[in-house]
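These are the residues of each chain, in order.
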Amino acid sequence: MICTALVFFMHMGFAFLEIGLTRQKNTINILFKNIFIITVGLLLYALVGFNLMYPGFAEGSSGIFGFAGFGLDSPLTAEGALDLSYNEGYTYWTDFLFQGMFAATAATIVSGAVAERIKIGPFMIFTILYVGLIYPIAGSWKWGAGFLDMRETPFYDFAGSTLVHSVGGWAALVAVWLLGSRIGKYKDGKPQAIPGHNIPLATAGVLILWLGWFGFNGGSVLSADPALTSLTLVTTCLAAAAGGVVAALVSTVMFKNLDLTMFLNGILGGLVGITAGADQMSPTDAIIIGAVAGAIIVFAVSLIDRLKLDDPVGAIAVHLVCGIWGTLAVGLFGELASGAQFVSQLVGVGSYAAICIVSSFVILYILKVTVGIRVSEKEELEGLDGHEHGMDAYPDFRMNEH
Amino acid sequence: MICTALVFFMHMGFAFLEIGLTRQKNTINILFKNIFIITVGLLLYALVGFNLMYPGFAEGSSGIFGFAGFGLDSPLTAEGALDLSYNEGYTYWTDFLFQGMFAATAATIVSGAVAERIKIGPFMIFTILYVGLIYPIAGSWKWGAGFLDMRETPFYDFAGSTLVHSVGGWAALVAVWLLGSRIGKYKDGKPQAIPGHNIPLATAGVLILWLGWFGFNGGSVLSADPALTSLTLVTTCLAAAAGGVVAALVSTVMFKNLDLTMFLNGILGGLVGITAGADQMSPTDAIIIGAVAGAIIVFAVSLIDRLKLDDPVGAIAVHLVCGIWGTLAVGLFGELASGAQFVSQLVGVGSYAAICIVSSFVILYILKVTVGIRVSEKEELEGLDGHEHGMDAYPDFRMNEH
Amino acid sequence: MICTALVFFMHMGFAFLEIGLTRQKNTINILFKNIFIITVGLLLYALVGFNLMYPGFAEGSSGIFGFAGFGLDSPLTAEGALDLSYNEGYTYWTDFLFQGMFAATAATIVSGAVAERIKIGPFMIFTILYVGLIYPIAGSWKWGAGFLDMRETPFYDFAGSTLVHSVGGWAALVAVWLLGSRIGKYKDGKPQAIPGHNIPLATAGVLILWLGWFGFNGGSVLSADPALTSLTLVTTCLAAAAGGVVAALVSTVMFKNLDLTMFLNGILGGLVGITAGADQMSPTDAIIIGAVAGAIIVFAVSLIDRLKLDDPVGAIAVHLVCGIWGTLAVGLFGELASGAQFVSQLVGVGSYAAICIVSSFVILYILKVTVGIRVSEKEELEGLDGHEHGMDAYPDFRMNEH
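For the record, the sequence lines run as chains A, B and C. Residue 1045 is where the first sequence starts when you use this note's numbering, and the numbers rise one by one after that. Residue 1045 is where the second sequence starts when you use this note's numbering, and the numbers rise one by one after that. Residue 1045 is where the third sequence starts when you use this note's numbering, and the numbers rise one by one after that.
Derived from the structure by calculation, the hints contain no laboratory data. Keep in mind that the hints are not guaranteed to be accurate.
Given that identical chains are not distinguished, each listed pair holds provided it fits within a single copy or across any two copies.
Simulated crosslink set (DSS-like; lysine-lysine; CA at most 27 Å straight-line) [unchecked claim]:
(1) Lys1300 <-> Lys1412
(2) Lys1300 <-> Lys1422
(3) Lys1300 <-> Lys1229
(4) Lys1234 <-> Lys1300
(5) Lys1422 <-> Lys1229
(6) Lys1422 <-> Lys1231
(7) Lys1352 <-> Lys1229
Using the sequences provided together with the hints, build the complete structure.
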């Protein structure tokens, strides 16, 4: 339950990170999107998501799609009173709320990548479909005991390098590609830096996300076994630290600059990387996985930029690339490392790539050719806050002149 | 104990929300008031409040007023050593600290409503009397097993829709009425928007408050039964989500604007609304209660504005109106719903209205006619920060010119 | 484990406090230093620190220095599987992570005091040596069962008034003295106020630190006995409240100003002061200890200023002076109070003064005479952010002109 609170708090971390790394004129828009995602995501997860994700696949079923019915009333049945026997130490309700907090995360990842130019209406429709349907169906393949869990060597994803982060990351990639880059991002084909407006908030966002990962990974030890939970927190924190340090080192060597945002992205990369196998690794494994993620981040951010994929907050590099790395790393390091496991991890990565790319493309392409997904040039230049929300982020900030 | 930490953290949420929604020139003043409330509130609660609120009413007493003596030493008596037998799993000290964190909340609610024009000295006196005496005496009527708890169908208020939120809300209403509106709030009788200075902070404040509610409602399951606690967190979060979504929908329909602050106020309204019965509701009940609270918020904010009650942060709509709604809802929904319960809820609401309106009026009216409660016009226009504190909130913010 | 998360979160509190109280032009630099400290500190603690601090001193050893070997693999030995028997309810991994989060704190304290003028390279070297070697060796003297713990009346420091706060404070004192004051701090020998750039962030920082102290002191009750833990949280919060209120009162009397930063420093002083004996004090003792710390803060800040020791965030007054007070208070108040205990506390304070002053002087003096520890005058005037990091803290903040 405490972990659920921490995972909830990650949404504040994401919000801080996104607004910190983007321009002031789009701040309200980003906050609105994030608040929308949390609230609507949770309601959708109660209505359909939870029962799509944990359908209780019938024996002999394909394990691809199942649905246990609408709503959340299951353990109230018998005599209408609360059925407390659902699961020792980890109740039905905790389970729902913890997973519901995760669900919204996938859309939040997309939100950062498409910031500063997506129309809010279509984004809301996309969020409803992707969080309400795609995320839980995809999730059922593993956490709902679906076909990836039925394999002889089951696919393994402890707390969501693939099921959460890549699911968001693939959609972010598709969305960024369909949207195109922000005005001014490329001049004569070369990427230009568009600095954000509040780096202290972005830094706070990363620290809050790290804190939230205590809940994300810690809470995923469903048995709440103290020794395993604490090992998981150690691997999580060491991977984060190693990711940050290596990203800072590599970027300092490459760009001759002590770059704070690379340091921060490295931490996030390390966290995403360790997530798939946080309970399977020794501290040394964790440091290696985090360090590799830190190096990957620097190159991935730079590569994505050069591919003309304009991702203002680095979401694709952090959540998709490091998510894939972390998932594969389960086959290479730790208790489960084996050739068969590595193949199983590859199959998992491929399966999620397929469903996420196809579904997000279909949704977003239909939106693009019907209502359009990008704001007008005028609105983009003047900022989305005024046009969509009639509001500034810091409306009174300059009245107190010196 | 963890819940106590989360409830403590709500004070940061309140501070962020208040300064975010008010002008920069009064920021230090608001922060000072909030820090004052937390620290002095806690000391007062240790000195008298706890023993006023949990007096252990004698059998046959009226259950209106009791006092168990000054200070906090009870369970140290026997041989001077710590008496660990006070309560299994939930000790005397936890009890004190958890309740002490609540106590300060009532004054914080008032602080937001009277922001930008109240004199700090009289506000401090009001806080001392209201938090130190009125809040615990009123609280004893129910949580101290007083007369509202002695009724055949006892008044029910799980975590304080009435005992905490309305107690703050009634005083906020009285204070706003006695203080008058801020200069410039009404032009030719029409309410003018006075935008705050930092909407990201206000948004963060709401998310922190939501997080704190995990502790507020979760910690109020004194038995700490995992199933009941987790159900309580589910109802809390669903009501918050429903409140936000409905408030955003209604305000979008009414004002043709995706209004972030209404979204945020709706979340808070949903949280306040579910608080009285968070442990008695099914998820569906919780969504309905939250949704109604969300709709109420939009109309209440607008009504209060038109009544020329100038409440910069919407505290009256959120804490008083939704507090009343949530208290009555216990008689309409969930396990306790019945005619007798609804009557009992009405009696409770009325009793708290009586003590809070009368006491806050007496205190504030005496202060008004003696020392005055409102700052001078000059000070209001120039900002309270310079006049009362000799300090700016962002003193160095513009030196780094581009 | 939850306490570990809260202690981790303190690093965000420190970061907010430091950047809030310093100028905008050095914000990125401070954030970079803080992120560096957390990540590198944790890695160093895994590599050598933990085994330096808990070396398991051999019987009959002097208890001054021991080393249990590199790395963290101990409880994985037997058959390569995880040894879960290390400690009931409080595992090896929790222990490591909790202590690792503490370790980094010592360097963070220094970071605040030397802000706005230290060269980042030498500061990083200092951090590595001080956090990686000095802090754990010094810590082993008491928490590692070293010579201060072997005394007939053992030195007592519950959660680090001396082992954490003074260790940081002594180094801060030495560093400030070797560095010299910031340009413009003294005019004709008189201290000038150099206001920070974001007081709301500084206030948030203090509230986050207070929250973190729930983990710092609560988590130090290693047995996690509920009654003792909750008493500890009560004493912690009451001392914080009393420290704040007294500091505000004293500074209001002295300077005729409701000074928010003194209020905040008083809270921190109270927290540092209670830390050495938080589990040994009655509520009344805690209030007295906190109140004295609050008074001390006001005079110490002013004295340090007049001694031309330029400490932008008041770290020396808060962590060193109140740390010493809190340590000595264990001999004067509470369960352990006795003449022998007071002498033992004095010996402890002296021992830590010796190792910290000598080691930090040696490290910093060598750095000073070789690579230099202070940035150029040009860089100091223009800000460290542009020179060391090529980056502004709020790069886009002014584009949205009204």
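How the hints compare with the structure:
no., hint, verdict
1, Lys1300 <-> Lys1412, "between (41 Å within a copy, 23 Å between copies)"
2, Lys1300 <-> Lys1422, "between (37 Å within a copy, 20 Å between copies)"
3, Lys1300 <-> Lys1229, "within (23 Å within a copy, 32 Å between copies)"
4, Lys1234 <-> Lys1300, "within (20 Å within a copy, 40 Å between copies)"
5, Lys1422 <-> Lys1229, "within (16 Å within a copy, 33 Å between copies)"
6, Lys1422 <-> Lys1231, "within (19 Å within a copy, 33 Å between copies)"
7, Lys1352 <-> Lys1229, "within (9 Å within a copy, 48 Å between copies)"
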